[in-house]
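> Chain by chain, the residues run as shown.
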Amino acid sequence: MPKSDNLAISVRNLGKSYTIYHNATKHNTIAEALVHRLRHPTETLEKETFWALQDVSFDIPAGQVVGIIGRNGAGKSTLLKLLSRITEPTTGEIDLYGRVGSLLEVGTGFHPELTGRENIFLNGAILGMTRREIDHSFDDIVAFSGTERFLDTPVKRYSSGMYVRLAFAVAAHLNPEILIVDEVLAVGDMDFQKKCIGKMDEVARSGRTVLVVSHSMSVINSRCQSGILLDKGRIKIQGDIQDVVNVYLEQLYERDSQPLSALRFTGVPDLGKQIRFTALELVSEDQKTLRFGEDIVIDITVESDINQNDLTFSPDIWDQFGVCVGRCFSAERFSLRAGEQRTFRFSICEPNLAPGSYSIGIGVGTGGFETARRDFDLIVGRPSFDVLSFGQGDFSISSWESNWGRMVFRKTALEPLSSE
Amino acid sequence: MSVVSEQAGELAANRTKYHRTIRPATRWISLNLPEVWHYRDLLLTLAQRDVRLRYRQTALGALWVVLQPLIAAGIFTFVFQKVAGLSGNGIPYFALAFTGQVAWMAFSSTLSKSASSLVGNASLVSKVFFPRLVLPLSTVPSTALDFTVGFVVITVLMMVYGIVPFWGILTLPVWFLLIVMLSLGIGLICASAMVRYRDVGYIVPVALQMLLYASPIGYSLQQMESRLGETFIPVYLLLNPLAALVEAFRWSLFHTENVPWFYVGYAAIVSVVVLTVGAMAFRQQERKFADVI
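If you read the sequences in order, they're chains U and H.
Positions 36 to 455 (this note's numbering) are the ones given, in order, by the first sequence.
Positions 57 to 349 (this note's numbering) are the ones given, in order, by the second sequence.
Hints in this document: simulated from the structure, not taken from any laboratory.
Certain hints may be false.
Stated by the list, open to error - Below, in silico cross-link-like pairs of lysine-lysine (DSS-like), each with a Cα-Cα straight-line distance of 25 Å or less:
1. K271(U) <-> K191(U)
2. K344(H) <-> K82(U)
3. K344(H) <-> K183(H)
4. K191(U) <-> K183(H)
5. K138(H) <-> K267(U)
6. K267(U) <-> K82(U)
7. K344(H) <-> K267(U)
8. K234(U) <-> K183(H)
Chain U with its partners taken away, still in its complex shape:
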């Protein structure tokens, strides 16, 4: 047990459960609920308790920057909501030593009709600052955001960059002992991101505690001393940030061992009923990395229960933040007979993908040109792969900043139009 006089956060056996009702249609109106009750007076609802977070215990000493990582649905948001008191825990205890400022989404409570100046006061108050504190740091906030000239313009006329800068500026001038930051660094231009990271460092140096949730391993790796990896609502590993990040990255690759049906898109009914993917594999030396500029080649196996002509594949590529980078349709059409299984090799040639982690979502279906697209099956997240950093001679620079986008324009030309 660390000494309590140096603790910032102490969490013991924390759990949060939600009740999910099965077979019962969800009642959004009182009338529906009443009618249902009257018709089925004896029915006991089939309840299932879903633990979004379970048996979580950790101690964070004051003055640390701690990264919280995990896949979507691992319980990160729930943990942050509990720490910032937005929801109450079902079990366990949290001890917070100091005020908590949470930044779960920049610009929460910003009102588009209000001016920048008015929004600074509104947002500050929402985040828990007193009027005096806001008055005190008003000039700093404005300077930090760089929106001096637009202070009396309604923020609905702001560009999205200005909007985010102003919002972050307010939050950055909160002075809580514990600061919770959720993925805010994914926005804004590079100058501004540097400012934000600088501010985070400053907060940590002054002896305050920062909790960061991010999908960007470069931010986590460079800023945090320790980390917590959540998986399915439990702590998988905690401790030194390097160890935690390594386990997380291994976990990411594990996804490739899941059955394909687990990756089937759930938003469209009846996917995989008539035609389905049975294998999707990246063709490369180790099946998970590609050199920069290397063709993306996938072997696709599909089987069909019906006779279907005019089929095409429609792969799209997603980056690690869940942003779709691009999409294509196979130009060639093919047919499947009932009971047939066929394998195709699909290539995306000379891709301009920047170094980073990607995954592919792929559909098989008809149409999309003159008629509406109809997909028979959609798989999301297979295969996933990393594009390695530039090799020598690939490009005129050696590294790629995460906020330069996902596309490298490789063929450029520069010629002098006038002589010296």
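Following the hints, put chain H in place on chain U, whose structure we already have.
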């Protein structure tokens, strides 16, 4: 060097000062008013936001605060006095209708705004912590502002009609406060119910519409009594505490006679009880808001 150690000292002090333990809620609910007080700046800022936004992009702007009750009172005067032939019992009918309307607006705007305050601020509720009571409470200042403007118009009307105020006018804030307490209490219950069932959002306006005509807003209680008989009135006043409060409100301005004081006392008690129950129910539900909203 000393600045650094000073900061560190303050930090350590704050760590102890603001230490708090979060546990699953027990059955015991407290209103936790000190925490609401701590967030008073937020309350005022939200109230300020509402006032600022209300008449933005309107041509007549703040003039609507005055125009709305004037128009409504004009309609009441036309319908009830000219068409239905009711009398104002010695008070100019328009003044009677206008005071009724000012009291009514305090009631109805508090109720409808506080009822929708949680759902209307869903993004705040699910993203930031603050005592949720701040949201419905923050609707009160703008209502108070409207009321003050209404009161100014009333004094102008009194001058126009040559009505001399008496000491009762000093009790006016009491009636305003009781009306707001009653409607805020109902509003709190509606607000927590609306998080789960959006139906409430449709019921409230209809219920308000009915209550408007079922209360002595466009007419006086005396007119009701003379038409429906004396036996009806006690039951009516028990069922509709707002009626007695509106009558007391009118009394404080016009020194009207036959105020049902017993029922005014009853209504005052009901207001306090409804507000307390409403606040308790709200606190009880509060912890689930972020999960359901």
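> Against which earlier hints does the structure fall short, listed by number upward?
Those not satisfied are hints 1 and 5.
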